[in-house]
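There are 2 protein chains.
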Amino acid sequence: MSAAQTRQRILDAARQAFARSGFEATSVRSVASAAGVDQALVHRYFGTKRELFLATLELPVDPARVLAPVLAAPRQHLAEAFLRTLLELWDSDAEPVILAAVRTLTSTPDGPSLVKGFVLDLALSHLRPVVDDPVGSAPTRLALVASQTAGLLVARKVLGIEPLASMPVEQVVALVAPTLQRYMTEPLP
Amino acid sequence: MSAAQTRQRILDAARQAFARSGFEATSVRSVASAAGVDQALVHRYFGTKRELFLATLELPVDPARVLAPVLAAPRQHLAEAFLRTLLELWDSDAEPVILAAVRTLTSTPDGPSLVKGFVLDLALSHLRPVVDDPVGSAPTRLALVASQTAGLLVARKVLGIEPLASMPVEQVVALVAPTLQRYMTEPLP
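Line order of the protein sequences matches chains A and B. Numbering-wise (my numbering), the first sequence opens with residue 55 and increments by one. Numbering-wise (my numbering), the second sequence opens with residue 55 and increments by one.
No lab work stands behind these hints, which were simulated from the structure alone. Computed from a prediction, not measured in an experiment: that's the story for all the values here. Note that the Cβ used here is the ideal one computed from N, Cα and C, for glycine as well. Among the hints, erroneous ones may be present.
Pulled a few chain B residues facing chain A out of the computed Cβ check, cut under 10 Å [to be verified]: (1) VAL169; (2) ALA200; (3) ALA204; (4) ILE215; (5) ALA228; (6) PRO232; (7) THR233.
Here are some of the chain A residues that sit facing chain B, going by a computed Cβ distance under 7 Å [what the hints assert, rightly or not]: (8) VAL169; (9) LYS170; (10) PRO193; (11) THR194; (12) ALA197; (13) GLN202; (14) ALA204; (15) GLY205; (16) LEU206; (17) VAL208; (18) ALA209; (19) VAL212; (20) LEU213; (21) ILE215; (22) THR233; (23) PRO243.
Put together the whole structure using the sequences plus the hints.
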């Protein structure tokens with residue numbers, strides 16, 4: 055079996071495992087075993103479990119790296135920093151790859167589960183400690199943030215609904231950041 | 055050609071025309087011509103242009119009928135009424151059909167254009183006169199409403215992000231209606 059074939063077998067096994075069990079409950083060991091290879095080989099080809107998951111999603115960026123500066127923003131500007139970062143990423147060279155990932159993920163049976171794992175475990179998880187006030191409110195806050203963010207991606211980039219689709223980043227931030235700031239840090243009913 | 059075959063030809067021609075030219079610019083006459091049938095036959099099989107478009111989307115409900123009571127709500131409760139109606143529809147017997155439509159529409163090349171036409175021309179268009187204050191603000195307001203609503207459907211029904219996915223309707227309304235009310239009627243930057 056060629057290296058490319060082995061790599062593909064690992065990716066296929068990983069995609070199935072992440073979709074079936076979610077990010078947290080999936081181990082690199084179980085992926086290696088399902089692919090019939092040694093665990094060390096999985097690490098050599100793909101790095102950490104997080105990197106393996108990103109590889110199955112075929113995404114061009116690591117959310118941890120993208121979100122690091124956001125987490126350094128003052129708490130009252132958290133939503134603004136978060137949203138500006140996302141919008142600039144969607145408008146960047148990464149756009150076609152992101153849109154291709156959205157299309158692939160929504161048209162395969164495993165797609166929704168993989169997207170959910172990505173959104174909750176890889177992207178928004180970095181925000182969790184920052185938005186858990188009062189304690190225990192983070193899951194609701196992050197689900198609401200996910201809903202507005204996913205919808206903005208769909209409206210601006212997938213459906214192309216005007217005037218949102220052609221609006222400058224700063225105007226979208228002015229319109230939508232207050233929503234995200236409320237979801238992240240303000241008192242909720 | 056059997057009646058079922060004729061019906062299917064009309065639907066195929068309509069789907070292509072709506073996707074290519076949008077809802078407004080597509081005429082029943084052009085659909086009939088593309089399908090090689092008489093215009094009267096299209097009306098006999100499908101009713102109005104609006105009903106023909108709904109048929110191409112394979113949706114179980116007519117947004118005009120669903121949204122009529124919403125438009126009767128007091129202006130300060132518009133978002134609440136709108137959101138409650140949507141959430142109850144998504145939780146109703148129509149749920150599997152709505153989800154199947156979402157999946158079909160996101161996995162076909164014509165899908166995004168058809169979804170955009172549905173959202174803007176058939177569903178949200180009913181709200182346009184109510185939310186155009188100041189005059190000219192309706193397109194921005196409706197695009198924002200579309201973004202939060204689409205994202206809520208994705209988070210609650212497609213991805214199943216908890217706690218949003220299992221949350222009672224009234225709690226979702228309490229959390230998200232303020233966002234939609236701001237988008238619909240409050241001053242925007």
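Going down the list of hints, with the structure as the test:
1. The interface hint given for B/VAL169 is met, as the beta carbon of that residue sits about 6 Å from the closest beta carbon of chain A, less than 10 Å.
2. Against a cut-off of 10 Å between C-beta atoms, the interface hint on B/ALA200 holds, since the closest Cβ of chain A lies about 5 Å away.
3. Contact between B/ALA204 and chain A, as hinted, is supported at the beta carbon level, the nearest pair being about 4 Å apart and thus within 10 Å.
4. Hint status for B/ILE215 relative to chain A: holds, with the closest Cβ pair at about 5 Å, below 10 Å.
5. Hint status for B/ALA228 relative to chain A: holds, with the closest Cβ pair at about 4 Å, below 10 Å.
6. Residue-level restraint check for B/PRO232 holds (minimum Cβ-Cβ distance to chain A is 7 Å; threshold 10 Å).
7. Satisfaction of the interface hint for B/THR233 is found here, the shortest Cβ-Cβ separation to chain A being roughly 5 Å, below the 10 Å cut-off.
8. The closest approach between the C-beta of A/VAL169 and any C-beta of chain B is roughly 6 Å, which is under the 7 Å cut-off, so the hint is satisfied.
9. Nearest Cβ of chain B to the Cβ of A/LYS170: about 4 Å, under the 7 Å cut. The hint holds.
10. The closest approach between the C-beta of A/PRO193 and any C-beta of chain B is roughly 6 Å, which is under the 7 Å cut-off, so the hint is satisfied.
11. Restraint check, A/THR194 versus chain B: the minimum CB separation of about 6 Å is within 7 Å; hint holds.
12. With a least beta-carbon distance of about 4 Å to chain B, the hint placing A/ALA197 at the interface is held under the 7 Å criterion.
13. Here the hint on A/GLN202 is kept, as its CB sits about 5 Å from the closest CB of chain B, short of 7 Å.
14. Because the beta carbon of A/ALA204 sits about 4 Å from the nearest beta carbon in chain B, less than 7 Å, this interface hint is met.
15. The beta carbon of A/GLY205 is positioned within 7 Å of a beta carbon in chain B (closest approach about 2 Å), and the interface hint is therefore held.
16. Interface hint status for A/LEU206: upheld, as the beta-carbon distance to the closest one in chain B is roughly 5 Å, under 7 Å.
17. Checking A/VAL208 against chain B by beta carbon gives a least distance of about 5 Å; that is within 7 Å, so the hint holds.
18. With a least beta-carbon distance of about 4 Å to chain B, the hint placing A/ALA209 at the interface is held under the 7 Å criterion.
19. A least Cβ separation of about 6 Å between A/VAL212 and chain B falls short of the 7 Å threshold, and the interface hint therefore holds.
20. With a cut of 7 Å, the hint placing A/LEU213 at the interface with chain B holds, because the nearest CB-to-CB distance is about 4 Å.
21. Restraint check, A/ILE215 versus chain B: the minimum CB separation of about 5 Å is within 7 Å; hint holds.
22. Because the smallest distance between the Cβ of A/THR233 and any Cβ of chain B comes to about 5 Å, under 7 Å, the interface hint for this residue holds.
23. For A/PRO243, the interface hint holds, the least distance from its beta-carbon to any beta-carbon of chain B being 4 Å, beneath 7 Å.
In the structure shown, no violation is registered for any of the earlier numbered hints.
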